[in-house]
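Engineer: Using the hints, put the two standalone chains together into the complex.
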Amino acid sequence: MIRFWNEKHGRNLISKLVNYKFMDYRLIFLKAAYMEGRVKLKYIFEKDGFTESFDVDIPENGTVPSATEIFPEGAQMESEIADTYPLRFVSQKKVSNPEEKQGNSLVEWGPFHPLLQEPVLFSFSVKDGIIGGVNAETGYNRRGIESLCAGEKIPYVLDMLERISSINGFSAGLAFLIAVEEINRIAVPAKANLLRLILNEMSFLRANLYSLSHITRCLGLLSDNSEIFKLISLYYEAVSLISEDRQLKGILVPGGINRDIDTETLLRLNVVLQETANALASIRDRWSKTPFIAERMSAIGKIDKEAARAMTGRPARSAGFCEDTRKFSHLPYHILSYKLPVTDESNCFTRTMLMFEDALLSLSLIDQAVEIMPEGEVYIADGIKNKGEVLVREPEAFGELVMYVALEDGIVTDLKIRNSSSLNFSFISRVLKGNEVNDAPLIIATLDYDFSGMEK
Amino acid sequence: MKWLNKIRTRSISVFVVQAGGCRDCALQFSMALSGNSGIKGITVTGNPKHADCLLICGCINEKSREKILEIYEKIPYPKAVIAAGACTCSGSLFRRADNGLYTAEEVLPVNSWIRGCTPGTTEMLEAIRRAMENVRDTGH
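Residue numbers (the numbering used here), protein chains in the order written: chain R, 1 to 456; chain Y, 1 to 140.
These are computed hints drawn from the structure, not numbers from a lab.
Mixed in with the good hints there might be a few duds.
Unchecked claim - BS3-like cross-link-like pairs, simulated, lysine-lysine; straight-line CA separation at most 30 Å:
hint : chain 1 : residue 1 : chain 2 : residue 2
1    : R       : Lys-289   : R       : Lys-305
2    : Y       : Lys-67    : R       : Lys-127
3    : R       : Lys-249   : Y       : Lys-63
4    : R       : Lys-31    : R       : Lys-21
5    : Y       : Lys-63    : Y       : Lys-40
6    : Y       : Lys-63    : R       : Lys-433
7    : R       : Lys-153   : R       : Lys-191
8    : R       : Lys-433   : R       : Lys-302
9    : Y       : Lys-63    : R       : Lys-40
10   : R       : Lys-16    : R       : Lys-47
11   : R       : Lys-339   : R       : Lys-305
12   : R       : Lys-127   : R       : Lys-339
13   : R       : Lys-305   : R       : Lys-21
14   : Y       : Lys-40    : R       : Lys-433
15   : R       : Lys-47    : R       : Lys-305
16   : R       : Lys-127   : Y       : Lys-49
17   : R       : Lys-31    : Y       : Lys-49
18   : R       : Lys-8     : R       : Lys-47
19   : R       : Lys-327   : R       : Lys-42
20   : R       : Lys-387   : R       : Lys-433
21   : R       : Lys-153   : R       : Lys-21
22   : Y       : Lys-40    : R       : Lys-230
23   : R       : Lys-289   : R       : Lys-302
24   : R       : Lys-127   : R       : Lys-433
This is chain Y alone, in the form it adopts within the complex (with noise of 0.2 Å):
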């Protein structure tokens, strides 16, 4: 029902997963939320049960894997997945096939890639806010 995906949009709860890396991609999304930008209504939350969607930033390694699923498992539907940054998207500079990281791709099924090192202030919010007005009540 993209009417009501519409109205979602004006209210974003946001779970934000800092799986492991730099760290600089969720001080950019705190910069984001703190700064003068044209897209408001999306705010940050402690408790997954009360969230729209997932961002997820920074590596996912075996450790950080599992705990994410959880945390997916909690958020009610309708829910979306955003992987913010070069790590979580492609693995970027760290990632080769012995090292036991994961994309967000792998994990979960993602409906916004954020790509950059570090991705901008603008483009995460955008890539929010386009995840949940595309998002079905049920699935992802």
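If we strip away everything but chain R, and leave its shape as in the complex, we get (with noise of 0.2 Å):
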């Protein structure tokens, strides 16, 4: 244990920081734990689908070099682990503030806005409408959850955990659940698995309906913005068949699911889903030969490979990086078969091209289900009693949901979570830069941002 953090130790930390760095590893987690007067960090990176990882202990109240400018993934996890413990992160370089640019003007927009899907307050220095800089002011959002779940049985933390986020609170919810029955070492049955994976692509699907009718929107193309509504109404008359509640909430139980969904009601469900492909697919070949729609967004809010290539989801795809994210999940995606979706270059265009066809391949994903589903139970009684704790990292609709969770007897002792939002928000300076002010509501839309998900 180290008594006294110096200078040598940070640039032992540093060190190690550059070493995976030029091993080509990507920063996922940066976790904290405050135990008898020190800050414990831990540093998990990963490559390839391997994950390694080391800690660092910090006295109260130390400093610690930042580690944003090997790894500038890491900036919002820093920032939210600054603002929750006794520590500050030190960056070398200076980051300017945007307003002292000389000749620029400040712009705000925020925190309230029709084209802003929840509350951030953003600065912008603008020099003849392009933007020179961007400061992102967030804490809207925030509840606390991860400290209100601390000390709570799993139930609650359940409920909390389903109403993070209205877009990712089911595989929020999911992804705890696996956690719980790791540490327990709780067999789902086949069935229930192949049905939270049906509900999972039924979440994601609903995400990406939502996030389409919010780019309609930004473009003003009311019609559309229509015409997707009445896709997210016959997605809803599909739940009803399952769940009197369209979040999906109270499905899910440690164990299983808390119905048996039969053969028939799952054909019905199926059947009124895939009404939605034909017009998806329509939406999507009408946008891509409209040239207003086409050149306008092909042009803005580009992201060059070696930030894509830190980041997750559709931004990271968009830019020929094939991030699996449904490979390391615990449900059954080996079983059916699919491919993921990659584009070439990142901008706006290419990233609402796969909002399309992410859509498509959940209504792809939840046939096969289906068509596969086996006869057995849904629930697996067992007890859960055990200490432990366990990282999972499992897909969400916008990208990879990373949440370390620790048990004992039944009790939460801790819970950390980190959200796609929390990688690829850190890169948002970057990809507006150079833009036109009046562009950034439809490039935000664009990166899938979930800030009640990343703010917690």
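Structural biologist: Next comes the structure, spelled out in structure tokens:
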């Protein structure tokens, strides 16, 4: 245990981080815990599906070199830790305030605006209508969910996590239960796993439909907006066959799901959902043939390969990185066949086209899962008594969700959540710079931010 | 003047504040406006100075509380405040004595509450219309 943190320890930390960067690792999780006057930081890296980590012990109120110059994706995670724990991250690079640049005017946007899905306050430094610098102030969505969950029982934490975000609440609840089942070595029945997969893909479909409706609002395409809302109504018609709750809350339980869905209901659900496929494909084809949509969107919101590599979800896949978040899932995606949609260059248009492809992919996976649904139990009653901790990586609608859960005797002792936006938000300034300020709402809409899941 | 309020309910401009939280109530409200409800005449505006009422969704923390008060001051009279969803009405699962979350009542004078997680679309539109029917010309 290091009693005194000094410059030498800081240099050792930096050299470790540089080594991981040199070996092409990505920083996927930065976790902190406070005990006995010290803050323990855990850095978790990933490369080709393998994870490595190391711990650092810092005395209370200490300063630590920031990892963001080496791993820019860690900026949001460091900011959250600095807000919660008695610790300060120090960067060597001077961060310039957007308004300091000469000749630039400062434009504030937010936090409440019809084209902003969630409250965030943006300050743009603008010259001749072009964004020179961006400062984004978050914190409006903060509810303190991680600290509220500590010391609570599993059903309560599940209820809380299902409400963490409308878009990814189901995935967060599912990831939590997977962690609980892994710690307690509960083998979920095959039928329950496949039903969970169907419900997970349904929540992804819903998320993508809402994202598309927001993009139509940003583009001013009111008739397409109305068409997509009809598809969302169709989706809700399908959901009403299996659940009273539109967000699919209250279905998941440790050990499976709390209701058996018979084959006939599943087939009816599938038929209703598949009706959205043709409409989505037709809107996608129309947009790709409409010059004012395709050309305008292709020219804005570009992400360079270096930044895209560190991101997750569509921003990474649109730049050519085949990041398959379903590969590491505990759900049985390996028994289904699918091809992950990827494009070569990341811009607003390619990310939007991927949104359509992802929605169609979800429909295809649901179709396959319904076809091969086995008979059997949907729930296994098993004791939850083990003590342990686990890190799970599960897919969510907009990328990868990483969750750390520590349990003791059915009580959650520690919970840390990092969603896709925690990584991707660190690059917002880099993506917006050089674009027109009028295009900012559209660019942000295509970056798939889930601020409620990020700020918790 | 009840007859004037009755006329106002035929065309209601709503400023939606998604204060923070899961966002499902705001999404539900968008569905309500796009659906085939019997209640017509409700639109969303992006300018508080053009709004008749303020619809608040989600958990209100200290940061969003200040901004909500600024927006409320900009809305001209007569105006109404509607609190939508369990988080805004009571804090839902998230509220504790010390975690800095407020209910809508603690921030602004509320005319109508829509309870539920998530409330129904028809209930939301009815609550907005009821709030405007009972609004006064000055005060709330």
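Engineer: Need the status of pair R:Lys-249, Y:Lys-63: alpha-carbon distance at most 30 Å?
Structural biologist: Cα-Cα ~28 Å, so holds.
Engineer: Quick one, are R:Lys-387 and R:Lys-433 close enough, alpha carbons at most 30 Å?
Structural biologist: violated, 48 Å
Engineer: Compare the distance between the alpha carbons of Y:Lys-67 and R:Lys-127 with 30 Å, and conclude whether the hinted pair is satisfied.
Structural biologist: holds, 27 Å
Engineer: Does R:Lys-8 pair with R:Lys-47 here, judged by a C-alpha cut-off of 30 Å?
Structural biologist: Roughly 28 Å between the alpha carbons, so the hint for R:Lys-8 and R:Lys-47 holds.
Engineer: Just to be careful, I want the Cα atoms of R:Lys-127 and R:Lys-339 compared with a cutoff of 30 Å; is the pair within it?
Structural biologist: violated, 43 Å
Engineer: Please verify whether R:Lys-127 and Y:Lys-49 have alpha carbons no more than 30 Å apart.
Structural biologist: holds, 28 Å
Engineer: Verify the proposed pairing of R:Lys-433 with R:Lys-302, using a straight-line Cα cut of 30 Å.
Structural biologist: holds, 10 Å
Engineer: Between Y:Lys-63 and R:Lys-40, does the CA-CA distance stay at or below 30 Å?
Structural biologist: Since the Cα atoms of Y:Lys-63 and R:Lys-40 sit roughly 29 Å apart, the hinted pair holds (cutoff 30 Å).
Engineer: Holds or violated: R:Lys-31 with R:Lys-21, Cα cutoff 30 Å?
Structural biologist: holds, 18 Å
Engineer: Would the pair R:Lys-16 and R:Lys-47 pass a check requiring their Cα atoms to be no farther apart than 30 Å?
Structural biologist: holds, 16 Å
Engineer: Please verify whether R:Lys-153 and R:Lys-191 have alpha carbons no more than 30 Å apart.
Structural biologist: At roughly 26 Å apart (the allowed maximum being 30 Å), R:Lys-191 and R:Lys-153 satisfy the hint.
Engineer: Straight-line Cα separation of R:Lys-289 and R:Lys-302 no greater than 30 Å?
Structural biologist: Distance of about 20 Å is within 30 Å: holds.
Hint violations for this structure: numbers 5, 12, 14, 17, 20, 21, all remaining hints satisfied.
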